[in-house]
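A.B. asks: Please take these sequences and the hints and turn them into a complete structure.
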Amino acid sequence: MNHYTISELTIGMTESFTVEVTEEMQDKFTEISEDINPMHIDEDYAKRHGCKGRLVYGMLTSSFYSRLAGVYLPGEHCILHEVKSRFHNPVYIGDVLTVMGTVEEVHEAVRTIRIKAVIVNQDGQKVSQAVITAGVQEY
Amino acid sequence: MSREEILSKVNDVFHDVFDDDSIVVTESTTADDVEDWDSLMHITLISEIESAFGMKFQMKDVVGMQNVGEMLDIIEKAVS
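Respectively, the protein sequence lines represent chains A and B. So in our numbering, spot 45 of the first sequence is number 750, and the numbers just go up one at a time. So in our numbering, spot 6 of the second sequence is number 299, and the numbers just go up one at a time.
Calculated from the structure, these hints are not laboratory results. These numbers come from a predicted model, not from an experiment. C-beta: ideal position from N, C-alpha, C; glycine also. Treat the hints with care, as some may be off.
[Unchecked claim] Derived BS3-like pairs (lysine-lysine); straight-line CA-CA distance at most 27 Å:
#1 Lys831(A) <-> Lys757(A)
#2 Lys302(B) <-> Lys353(B)
#3 Lys821(A) <-> Lys302(B)
#4 Lys821(A) <-> Lys789(A)
#5 Lys733(A) <-> Lys757(A)
#6 Lys789(A) <-> Lys831(A)
#7 Lys349(B) <-> Lys370(B)
#8 Lys831(A) <-> Lys821(A)
#9 Lys349(B) <-> Lys821(A)
#10 Lys789(A) <-> Lys302(B)
#11 Lys349(B) <-> Lys789(A)
#12 Lys733(A) <-> Lys789(A)
[As the list claims (entries may be wrong)] Just the calculated beta-carbon pair ranges, DEER-fashion:
#13 His793(A) <-> Glu328(B): 27 to 35 Å
#14 Gly347(B) <-> Thr719(A): 19 to 27 Å
#15 Lys757(A) <-> Glu298(B): 52 to 60 Å
[As the list claims (entries may be wrong)] Partial selection, computed: residues in chain B whose CB lies under 8 Å from chain A:
#16 Leu333
#17 Ile336
#18 Thr337
#19 Ile339
#20 Ser340
#21 Glu343
#22 Ser344
#23 Phe346
#24 Lys349
#25 Gln351
#26 Met352
#27 Asp354
#28 Val355
C.D. replies: Below you can see the structure in the form of structure tokens.
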């Protein structure tokens, strides 16, 4: 985990990590969210509707923005204020995603940073993008 | 940039931040006058105003501001 303070954060700083989306993650997300839409839980149904398999929840993909901010950028001192995300391409179980964030703005007076984030799959396709606003707490 | 122009641009920022084009801020507007202007939205507002005007507030400014007029005073000094 990173421990950046507001004074250590500068425009252009970048952090990234990779993660494989597993069936277990998808099933846990179904349990947590109780979103039982068949596109997410029924393989045959999803295939009949043009997908390669069960469609991974967009909000599961977005949950990696939480890890990006809370563990990497800024890390320990993060208080998440806002995540504005868009989904560009489907994500399937087994996909390996690279989650990357770059600091675009630093507002020291209000101890806040704005991060431009993107998630790409193993084929280099952008599956999601987001603008994250995070507070950086002082302890 | 004149004070009127600054106020107009500040109004635009309020519209974007609060997603409400009906807001009309004046020099005497305070957080009590705008629905949803809470502490978190204040942080968002300050950061959006910094971006819009290409300036930076000091932490003491953020704490001490009593109304939009005082906000304009700081912006006016920064952009002049």
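A.B. asks: Now look at each hint and say whether the structure bears it out.
C.D. replies: Hints and how they fare:
1. For the suggested pair lysine 831(A) and lysine 757(A), the alpha carbons sit about 17 Å apart, so the restraint of at most 27 Å is met.
2. Pair hint lysine 302(B) plus lysine 353(B) holds up; C-alpha atoms about 23 Å apart against a cutoff of 27 Å.
3. Taking the CA atoms of lysine 821(A) and lysine 302(B), the gap is about 24 Å. The hint holds against a cut of 27 Å.
4. The suggested pairing of lysine 821(A) with lysine 789(A) holds, with an alpha-carbon distance near 10 Å, which does not exceed 27 Å.
5. Between lysine 733(A) and lysine 757(A), the direct Cα distance comes to roughly 20 Å. Compliance with the 27 Å bound is thereby established for this hinted pair.
6. Between lysine 789(A) and lysine 831(A) the CA atoms are separated by roughly 16 Å; this keeps the pair inside 27 Å, and the hint holds.
7. Of the pairs offered as hints, the one joining lysine 349(B) and lysine 370(B) holds, with about 11 Å between alpha carbons and a cut-off of 27 Å not exceeded.
8. Restraint check for lysine 831(A) and lysine 821(A): satisfied, since their Cα atoms lie roughly 13 Å apart, inside the 27 Å limit.
9. Taking the CA atoms of lysine 349(B) and lysine 821(A), the gap is near 20 Å; set against the 27 Å cutoff, the hint holds.
10. For the given pair, lysine 789(A) sits about 23 Å from lysine 302(B) by alpha-carbon distance, which is consistent with the 27 Å threshold.
11. Straight-line distance between C-alpha atoms of lysine 349(B) and lysine 789(A) comes to about 24 Å, which keeps the hinted pair within the 27 Å bound.
12. With a C-alpha separation of about 23 Å, the suggested pairing of lysine 733(A) with lysine 789(A) holds against the 27 Å cut-off.
13. Range check, histidine 793(A) to glutamate 328(B): Cβ separation about 34 Å, and the 27 to 35 Å hint holds.
14. Taking the beta carbon of each, glycine 347(B) and threonine 719(A) are about 23 Å apart, inside 19 to 27 Å as hinted.
15. The hinted range of 52 to 60 Å is satisfied by lysine 757(A) and glutamate 298(B), whose Cβ atoms lie roughly 54 Å apart.
16. A hinted interface residue such as leucine 333(B) counts as satisfied when its beta carbon comes closer than 8 Å to some beta carbon of chain A; here the least separation is about 6 Å, so the hint holds.
17. Evaluation of the isoleucine 336(B) hint against chain A yields a held restraint, the C-beta minimum of about 4 Å falling below 8 Å.
18. The restraint placing threonine 337(B) at the interface with chain A holds, with a minimum CB-CB distance near 7 Å, inside the 8 Å limit.
19. Given hint, isoleucine 339(B) at the interface with chain A, holds; its Cβ is 5 Å from that chain's nearest Cβ, closer than 8 Å.
20. Of the supplied interface hints, the one on serine 340(B) holds, with its beta-carbon coming within about 4 Å of a beta-carbon of chain A, less than 8 Å.
21. Hint on glutamate 343(B) holds. Least Cβ distance to chain A is approximately 6 Å, under the 8 Å limit.
22. Look at serine 344(B): its Cβ gets to within about 6 Å of chain A, closer than 8 Å, so that hint holds up.
23. Nearest Cβ of chain A to the Cβ of phenylalanine 346(B): about 12 Å, over the 8 Å cut. The hint is violated.
24. Look at lysine 349(B): its Cβ gets to within about 6 Å of chain A, closer than 8 Å, so that hint holds up.
25. Proximity of glutamine 351(B) to chain A holds as hinted, the smallest CB-CB distance being about 6 Å (cut-off 8 Å).
26. With a least beta-carbon distance of about 5 Å to chain A, the hint placing methionine 352(B) at the interface is held under the 8 Å criterion.
27. A cut of 8 Å between beta carbons decides the hint on aspartate 354(B): the least distance to chain A is about 7 Å, and the hint holds.
28. About 5 Å separates the beta-carbon of valine 355(B) from the nearest beta-carbon of chain A, less than 8 Å, and the hint is met.
Hint check: a violation occurs at hint 23 only; the rest are consistent with the structure.
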